[in-house]
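> Got two chains here, each in a separate frame; can you build the complex from them with the hints?
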Amino acid sequence: MSISMSPAETTIEEGKTVGIPFSDDPKFHLRNVEVFYGESPAIKNISLDIARNEVIAFIGPSGCGKSTFLRCLNRMNDSIESCQIKGSLLLDGQDIYDPKRDVVELRARVGMVFQKPNPFPKSIYDNVAYGPRIHGLANRKSDLDDVVENSLRKAGLWNEVKDRLDAMATGMSGGQQQRLCIARAIAVSPEVVLMDEPCSALDPIATARIEELIAELSESYTIVIVTHSMQQAARVSNRTAYFHLGHLVEVNDTSKVFTMPEHELTESYITGRFG
Amino acid sequence: MTKPGSHAEREGSQAELIRRSLKRRYRKERRFRLYGITAISIALFSLVILFTDIISKGYTGFIKTTVTLEVNLDGELMYLNDAADPEQIAMADFQAPIIKAMQEYFPEATSRADMRELSRMTGSYASNQVRDLLKENPDWLGTTRTIEFPAHDTVSVYVKHAGDAGYSIRLSEQQQRWTDELLRKGVIDTGFNDVFFTNGDSREPSNAGILGALIGSLLTMGITLVIAFPVGVAAAIYLEEFAPSNRLTDFIEVNINNLAAVPSIIFGLLGLAVFIGLFGMPRSVPVVGGLVLALMTLPTIIISSRAAIKSVPPSIREAAEGIGASKMQVVLHHVLPLAMPGMLTGSIIGMAQALGETAPLLLIGMVAFIVEIPDGFFSSATVLPVQIFIWAGSAEQGFVELASAGIMVLLAFLITMNAFAIWLRKRLERRW
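Quick mapping for you: the protein sequence lines, in order, are chains V and C. Note that the first sequence covers residues 290 to 564 in this note's numbering. Note that the second sequence covers residues 11 to 442 in this note's numbering.
Only chain C is shown next, with the shape it has when bound in the complex (with noise of 0.2 angstroms):
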C-alpha cells in the first residue's frame, strides 16, 4: 500500500496481459470454428453433389417409353390356326403383326432392311409379349387389338436422351425419322415406369425391374436381422455380465474386435467353403446370403451392446442386487431394457452396412443373372447392391439410368429401415 501507483500499474499491466491473451484465445477459438463450419461444408456439398447426379442422371430410369399400336392377331399372317395349341404357339411368327402394324404407318417401308428396323422399334420381347397374349385369350385370334409395347432401347435413349452427349444414338437416319414421326402422332409416349417396379431384371433395359432384388434384398436382411441380433445381443450380455475375465475372454474379445475390421469378401468365402461347400447349401439363395452377412454383422452388433451394457449405471445393476433379484433378473428386467436402445443403434449400423454389402455375395453367386422374382428363402434371388453391380457393368444403354434408379431405391430403402429403427428406439426411450 506504500507504493499504489506501482501496484496499480502492474495491475494495469497484468490486465493489458490478459487483454491481450484474450485476444488471441478467441482468435483461435473462430479458427477452429471456421475449420469446423468447413469441414461440414465440404461434407453437405459433396453430398449434395452425389445426390443431384444420382437423381438427375437416375430419374429417367423411373420413366418407359412405350409404343402403342393397333395390332391385327390375323392368324394367316403368324402362320397359326388354333391360338390353344401349344405346338402352333411354338412355331408362330409373332413379330409378323407387330411390323405390320407398324407398316400402317409408313407404308413405303417394305423392303427387308425396312422390315429388321421396324421390328427394332419395340422391345426384343415384344413378339413374346404378343404370344402370352394369346395363350391367355385364344379368342383374340383374328381380331384387331390396341396393345402397348415397351419401345426398343435405343428408341427409348434416342427419346429421352437426343441430344445429351452422355449418350450415344444407336438408331439409323431412318429410324429417328420414324422415332420422331410416332412421337408426333402420339404412338411412341413416355409414362412412369411401372415395369422397373414389378418386373425382375432382364436382358432388355425396358423389361427390366428392381423387384426381384427388392424382394431378395428383404429376404436376406431378414435372415439376418433374425440370425445376427438376438447371437449379438445374447454374446454380449454373457461377455459383459456373466463371462469371468481371464485369458480366454480376452483372446475372445480381441478376436471380435479384429472380425469387425475383416474385409467383407473374407465373409464371402467363408460361406462359399462353409455353407455351400460343407453344408451342401444351394448357391444364390437369401438364406446363405443372409447367413453370411449375419456373420459380418455380429462383431459390431457385441460390440455396440457391450459399449450399451456397459453404459447402464451401476446404481441401477446395485438397486436391483440389493433388494435380492438375480444376476438373470437384474439383466432381464433392467440392464437389458435400459441398454436396448444402444443396442439397436449398433445393429442398425451393422445391418445398414449388410444392405449394402456386394462382395461377399459376389461369391456365394447371388451375382447370377435371376429373372423371376424369388418367392421364399430357398429361391435364387440377387440383392439391390449387386443388382445395380451388374447393371452398371451391362453394355446396353438403358442400364445406365436404371443403375442409378436402382440406387435411388436403395437410398430409399435405407432410410426407410433406419426410419423404422429409429422409431422403435424412440418408442422403448419412453417406455422406461
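One chain only, chain V, in its complex shape (with noise of 0.2 angstroms):
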C-alpha cells in the first residue's frame, strides 16, 4: 500500500481554517496565537472560539501541538522557561496571559485532567478535598465532606469508594485513578475543564466509563479534550479541531468532521492514510 498523500505534499496556508471555527457565544475567545519552543514554532497562527458548554476534541497526528495548544489555555506550559506564547487569548473577555492576571485564578476556573493519571499520594479523601481547601470552599468539615461526595458521585466513582475514603490513592485501579483525577479537578467546580488524553492509559472499559462520564459532565461545564482516539471524538464531542503540524486545519461539528471533511489532510487523517 502506498500512501498517496504525504503531509509535506499538501500545502497549508497559515492561519486559515476551514469549517467554522469561531462562535457567538465564545468562553475562549483566541486569535493569532502562535507559540515558540524556543526558536522553533509549536503553534503557528491559530484562531479558534471555544463555546461555552460545548465539548470540542482536539484531533490529530503526533506532535501537531494540540496538547500545546490545550496547555496554553490553563497557562501549564509557564513552568516551562523557553516557551513563548503570542497572539491574544481571552477567557470570557479578559485576558489570560495578563501579567497581572493570578495564574491561581485562572487554574481555578480551568481545571485539568491529564494524560497518566496521577492521583496525589494520599488518601481519597484527601485528593478530592485537596483543591476546596488550598482555594479555602470549605470551611466545616462537613461542607467538606459535601463537595467530596457530590465530587466523586460526579465521577461516577462514589458507590465504588465510599467505604474506603481513607485508602490510598495510588492503590486503585487506573480507571480509577483517572476517575479520581477528574472528581479532583471538578471538586474546586470549575467552568472549564481540560482533558489531555485522559483515556490514553486506559483499558476500553475504563475508557467507556470515562466516556459516559464526559457526557454528563458536558451539561455543566465546558470541555476541551485532545485525543489520538476518533472513534472517541466522535462519541465524545459537539466539534472537532483537527490540528496538523501546529496549523489549525479544520474544524466543524463532529459529525460534519468525520461524514464529510471539507480539507484533504482531515481526509486522509481520518480515513487513516497517515497519523
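Keep in mind that the hints were calculated from the coordinates and are not lab data. Mixed in with the good hints, there may be bad ones.
[Claimed, not checked] Listed next, the in silico DSS-like pairs over lysine-lysine satisfying Cα-Cα at most 30 angstroms (straight line): (1) C:Lys436 x V:Lys405; (2) V:Lys405 x C:Lys337; (3) C:Lys337 x V:Lys443; (4) C:Lys337 x V:Lys430; (5) V:Lys375 x C:Lys436; (6) V:Lys411 x C:Lys337.
Keep in mind it's a predicted model, so treat the numbers as computed, not measured.
This is the structure in C-alpha cells:
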C-alpha cells in the first residue's frame, strides 16, 4: 500500500482554517495564537472560539501541537522557560496572559485532567478535598464532606469508594485513578475542564466509563479534550478541531468532520492514510 | 525450498554459532559475577578484620582494675585534726593512710623506696579520692573505711596484659610479686569500667572517661543539625524550584559542588578566622564546632536534597498546579513530603561525616585537654574522634585500649544515629 499523499505535499495556508472556527458566545476567544519553544514554532497562528458548555475535541497526528495548545488555555506552559506565547487568548473576555492575572485563580476556573492518572499519594478523600481546601471553598468539615461526595458522585466513583475514603488513592485501578483525577478537578467547581488524552493509559472498559462521564459532565462544564482516538472524538464531542504540524486545519461539527471533511488533510487523517 | 538440505545445514550451522556465542556470553557473565563476589568478599573480610582488631584490642578498655583497701583514716597519720577546715585539708597527707593500708599486707615493705613503690600500686588520684571523701564526710576522721581505688596504670596493664608482647610491663619484680599476691587475696580485682562512661578525660588512664567527649559530640551534632538541615533544605528548594536559571545560579551551583570537595581542614581555618577571629566567639566550644561542621555538611545536604527534589515525579507537580495550587503550596504540600526521605538520607550521610570529623575541630581548639563534662553549648568541650585522637597519641599504655574502646563508642553512636534516621525515614515514607 502506498501513501498517496504525504503531509508535506499538501500546502497549508497559515492562519487559514476551514469549517466554523468562530462562535457567537465564546468561552474562550483565541486569536492569532503562536507558541514557540525557543526558536522553533509549535503553534502557528491559530484562531478559534470555544463555545460555552460545548465539548470540543482536538485531534491530529503526534507532534501537531494539540496538547501544547490545550496547555495554553490554563497556562500550564508557564513552567517551561523556553516557551513563548503570542496572540490574544481571552477567557470570558479577559486576557489569560495578562501579567497581572493571577494564574492560581485561572486554574481554579480552568481545571485539568492529565494523560496519565496522577493522584496525589494521599487518601482518596484528601485527593478530592485538596482543591477545596487550598482555595478555602469549604470551611466546615461537613461542607467538605459534601463537596467530596458530590464530586465523587459526578465522577461516578462514589459507590466504588464510599467505604474506603481513607484508602490510598495510588492503590486504585488505573481507570478509578483517572476518574478520581476528574473528581479532583471538578471539586473546585471549574467552568472549563481540559482533558489531555485522558484515556490513553486506560483499558476499553475504563475508557467507556470515562466517555460516559464526559457526556454527563458536558451539561455543566465546557470541556476541551485532546485525543488520539477518532472514535472517541466522534463519540464524546460536539465539535472537532483537526491540528496538523502546528496549524489548525479544520474545525467543524463532529458529525460533519467525520462524514464530510472539507480539507483533504483532514480526510486523509480520518481515513487512516497517515497519523 | 528447492534445497532443503542446504537450508537445514545453514540453519544448523547458525544454531551452532549461536550456541558457541552463548557459551562465550555465559562465560563472561560467570567471570563478571566472580569479580563481584571477590570484591564484596574483600570488603567484608577487611571489615571483619577491622572489627576483630578493634574489639580484641579495645574490649579491655571496658574493664577496670581496682584495689580495695581497708583504710584507717587516722588523723595523726595525715596531719589532720579537723576535716572541715579547708586549710588543714590543703596541707594534709592523704597518701599516708593508703600506704599504711597496703603495708597491712606487706609488713616487710618499710624502706623509703618500698613505700614509694607501694604508693604506685594505686592510681595517682587515690590520695585525692581520700581527700574528697573526707571533705564530704568530716566525721569519717579516725574511722576505718573500705575504699575502692583504681589501680595504677602500670598495675592495670600488668593485670590485663601480662604475657602480651604488645605491652611492656613497667612494674618492678617486687611490685609484680605484690600484685600477684593481692590478686590472689582479692584485693586487686577487675570489673566493668563504669568510670569510662561517667568521667571526662584525665591524665591517668584509670580515671579517664568518654562521657565528656560523648556529650561534646551530642552538643556539636545538635548545632550542626539545627543549622545545616534547614539551611540546606531551604537552599535546595530555592535553587530547584524558584531560582531563575541564569549565569549567577550556574555559578552558585558549581561552587556548591566544589565546596563539597574542599578538604575539611579548610573549614576549620574558616571557623578560626570568622567565628573566633572576627565574631570573637570562645574557643573549644560546641557552638563553634557545630557551626564549622554545619558549613562542611551544607554542600552534601544541598546536593542530595536537590537530587531528591528532582526525583519527585513532574506529574504530581502538574496535578497540584492544575488544580490551582500556588508555587509554595506545590512545594510544601507535595514536593517536600515526597522528597523528604531522600533529603534525610543525604543529611544522615552529612552528619555521619561531621561526627567523624577531627581536622577542622583541631583548629578551633576542641583538642584541648578538658576534664569537666560540658554542661552547655558554650562550655569547653571535645568530641569523640578528637578524644580518640588524643588518647591514641598519649604515652601511657592504658590509653591505647581506651582509644580502641572510644572507637567502639563512636561506632555505636554512629550506628544509633543512623538507625534513628532510617526509622524516621521509614515513618515518613509510610505516611505518604
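> Now tell me, hint by hint, if it's right for this structure.
Hint check:
1. Taking the CA atoms of lysine 436 of chain C and lysine 405 of chain V, the gap is about 27 angstroms. The hint holds against a cut of 30 angstroms.
2. Only pairs whose Cα atoms come within 30 angstroms are accepted, and lysine 405 of chain V paired with lysine 337 of chain C is accepted, the gap being roughly 22 angstroms.
3. Only pairs whose Cα atoms come within 30 angstroms are accepted, and lysine 337 of chain C paired with lysine 443 of chain V is accepted, the gap being roughly 29 angstroms.
4. Between the alpha carbons of lysine 337 of chain C and lysine 430 of chain V the distance comes to roughly 26 angstroms, so the proposed pair stays at or under 30 angstroms and holds.
5. Using a Cα cut-off of 30 angstroms, the hinted pair lysine 375 of chain V and lysine 436 of chain C is violated, with the two alpha carbons roughly 48 angstroms apart.
6. In summary, the hint linking lysine 411 of chain V to lysine 337 of chain C is supported, as the alpha carbons are separated by about 19 angstroms, within the 30 angstroms threshold.
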